[in-house]
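Visitor: Dock chain L against the given chain G, drawing on the hints supplied.
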Amino acid sequence: MEENVSKYELYILKEIEGAITSFEKSELDEWRQNPQNENYYQEQKKIWSLIEDHHRMKSIDREKALKRVEKQIFDRFAAKRILQSFEKAAAILFIPLLLWSVWYYYHQHSADKVKKEIVFNQVEVPLGMRSSMTLPDGTSVWLNAGSSLKYAVSFDGSERKVELTGEAYFQVVKDKTRPFVVTAGEMDIRVLGTSFNCCAYPDENNIETALVEGNVEISDKSGKILTELKPGELATFSKTGNGISVVKTNLEKHIAWKSGKLMFRDDPMNKVLEKLGRWYNVEFQVDNQEILGYIYSATFTGESLDQMLKMFALSAPIDYQILPKKLMSDNSYEKQIIRLTTKRISGR
Amino acid sequence: MADITGKEQSLSNPFLLDRLKEGDRNVFTLLFNEYYSGLVIYADYYLHDLEQSEDIVQSVFISLWENKHTLKSASFRFFLVNSVKNSCIDLIRKEETRNKYNLRQVNREADYEPDFWTEAELKKMIESAIEKLPPKCREIFILSRYKNLKSREIADKLNLSPRTVETQIAHALKVLREDLKDYLFQLFFFF
Chain G
1 MEENVSKYEL YILKEIEGAI TSFEKSELDE WRQNPQNENY YQEQKKIWSL
51 IEDHHRMKSI DREKALKRVE KQIFDRFAAK RILQSFEKAA AILFIPLLLW
101 SVWYYYHQHS ADKVKKEIVF NQVEVPLGMR SSMTLPDGTS VWLNAGSSLK
151 YAVSFDGSER KVELTGEAYF QVVKDKTRPF VVTAGEMDIR VLGTSFNCCA
201 YPDENNIETA LVEGNVEISD KSGKILTELK PGELATFSKT GNGISVVKTN
251 LEKHIAWKSG KLMFRDDPMN KVLEKLGRWY NVEFQVDNQE ILGYIYSATF
301 TGESLDQMLK MFALSAPIDY QILPKKLMSD NSYEKQIIRL TTKRISGR
Chain L
349 MADITGKEQS LSNPFLLDRL KEGDRNVFTL LFNEYYSGLV IYADYYLHDL
399 EQSEDIVQSV FISLWENKHT LKSASFRFFL VNSVKNSCID LIRKEETRNK
449 YNLRQVNREA DYEPDFWTEA ELKKMIESAI EKLPPKCREI FILSRYKNLK
499 SREIADKLNL SPRTVETQIA HALKVLREDL KDYLFQLFFF F
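As you go down the protein sequences, you meet chains G and L in turn. First residue of the first sequence? That's 1 in the numbering used here, and the numbers climb one at a time after it. First residue of the second sequence? That's 349 in the numbering used here, and the numbers climb one at a time after it.
Excised from the complex, chain L in its bound form:
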């Protein structure tokens, strides 16, 4: 928890804002590397189109650079996430007026609001949780989630029964939930 908010603080340092306003390209690159992939996945919650999501996030970064002098608060995270969200909603509205029958499957669940995580945050959270899993469980979990193998394929590969594999994955999921659930409800403190 402290680690994550700590990271965020380091990037909302007013010093960085000053340097960005002075046109320091390194600060821009730093922000881009920190937030880009997280923002793309965030936009994809709205758009369900990865390519379009990348386009939107890129134009948000361009407008960040162009409007750097008007930035008041140093919360880059807030600025970026809000800009991406607004751009996505704008785009969906435009498409809605164009096509009466919206082709896009917009998630219309009541007050549905996707979470925003940076890649580094997720990496830190998930990898430290995975580290805590028993070795066998961890191996199966990684094959399942990161190598995209089906339970049956993992079972064949490790010479286990599919049922064992499924149980191991379900167990990993359970442990991760225990480990991560605190984060999930702390989201809004970041904004």
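Bound-form chain G, shown alone:
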């Protein structure tokens, strides 16, 4: 076989492998002077480089490259497709939006002629929870369980008007030019700058206003002043038409709730149960009407429902039973019901 290979062919190989001596190299160069030999030399080199190329191609990580490219192409296109569907949705929504805008524009303009539209905000606190907030004028408001407060987003009228349902404690920032007016059911409370508590739940017969400091003026819907309060006084407004009464009161029990305490001082049980029910978001079912007449004093501070009921049973001649929650048709549970009974005489 060796006869088949010329020394020049060996030199070519040696050159490729980088093992050629300078003497061999000069011999090879001389041989390449002949165009035919040079052509042969180039072809050999080309074959070599093709084999080399093939070898290198095999070492390229095509899978990895494909993943990278696909990520760039298809991720981007996926995002585009989502955007396109948004565009469609936007186009569909645009027509009603346009109609509404036209209507709103005319409506606004006709309303402008009468009076400036006031934009209201409403905050609601669910049962079993409490919340506090700051109004646009800096007045602080604490809202008790199951209450809501509606107020103008900007107080730019001659009065700072808010509407209360439920119980709230107000710490009103002083502004002599703009009285702060709380509308609670059928009555208004007008103040300049003071702190007071107002309890006006729709399911209660009375609206109670307890003044901590400053002074307040309570008027009815027609604007007739019913009474003025001094600090430490409690005004009880009867929704059933029995007028308004003012008495000195233990302020603490009216405002303790805002610091998370529930305080009762010689309060009738029916009122106590209303407050506890809202506080814990439960409903009391009273079998014996006698219970509602009990006068009760206690302070609850952050107790769980269970702890509260235990304390309740210890401090009053009452037994309780937590009824299992019923599943309603829409798969939600109804409010927790707690059944109260008079304590049985032991030893029976």
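Just so you know, the hints here were simulated from the structure itself, not pulled from any lab data. One should not assume that every hint holds.
These stretches of chain L come out as covered by chain G in the derived footprint (C-beta under 8 Å, 3 or more residues) [said to hold, decoys possible]:
1. 379-392
2. 403-411
3. 432-439
4. 461-475
5. 487-498
6. 521-528
Think of the CB as a built atom: it goes at the ideal place given N, C-alpha and C, for glycine as much as any other residue.
Guide: Chain L only, in chain G's frame:
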């Protein structure tokens, strides 16, 4: 010869072009697998930087997908090779204007034009040529070219003289040249 052009024809099938235009990702994957590694080595002739070559070929594939609707001819091969070549030349020009002394050793031989082969084409050509080698010669050749062993290492391994090993490799080279030289001058028929 017929095999190679046959392969090329199968990938320039207008049917594939239609499917690609419809957004068929399988066609894209098919083209990628067929041409990627060949294009990278092709780009490397210009750039002498394998990583940069891969980047260029990948962006060419991305532009193939993005411009699939504007493709007129179904010669994917032509489109891909030309795009890679143009991207490489662009890149070299940019680098040339940036550095007066080009750091890259651009091959500036007169009308130097690298060949483009797909991996499958080379595999078919080379492997069938290697098959024809006498067994001993083939073994030595594979150790030399594919296992990257030096002649001396092969000689030690097979207990042969280095001279024998070199002769065998040179012989293999000679046989391959005989076998493959027809292909080498048929290149431009593909484009």
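Visitor: Each hint: holds or not?
Guide: Now for the hints, and whether the structure bears them out:
no., hint, verdict
1, 379-392, "holds (count 8)"
2, 403-411, "holds (count 4)"
3, 432-439, "violated (count 0)"
4, 461-475, "holds (count 7)"
5, 487-498, "holds (count 3)"
6, 521-528, "holds (count 5)"
Consistency with the previously given hints fails for number 3 only.
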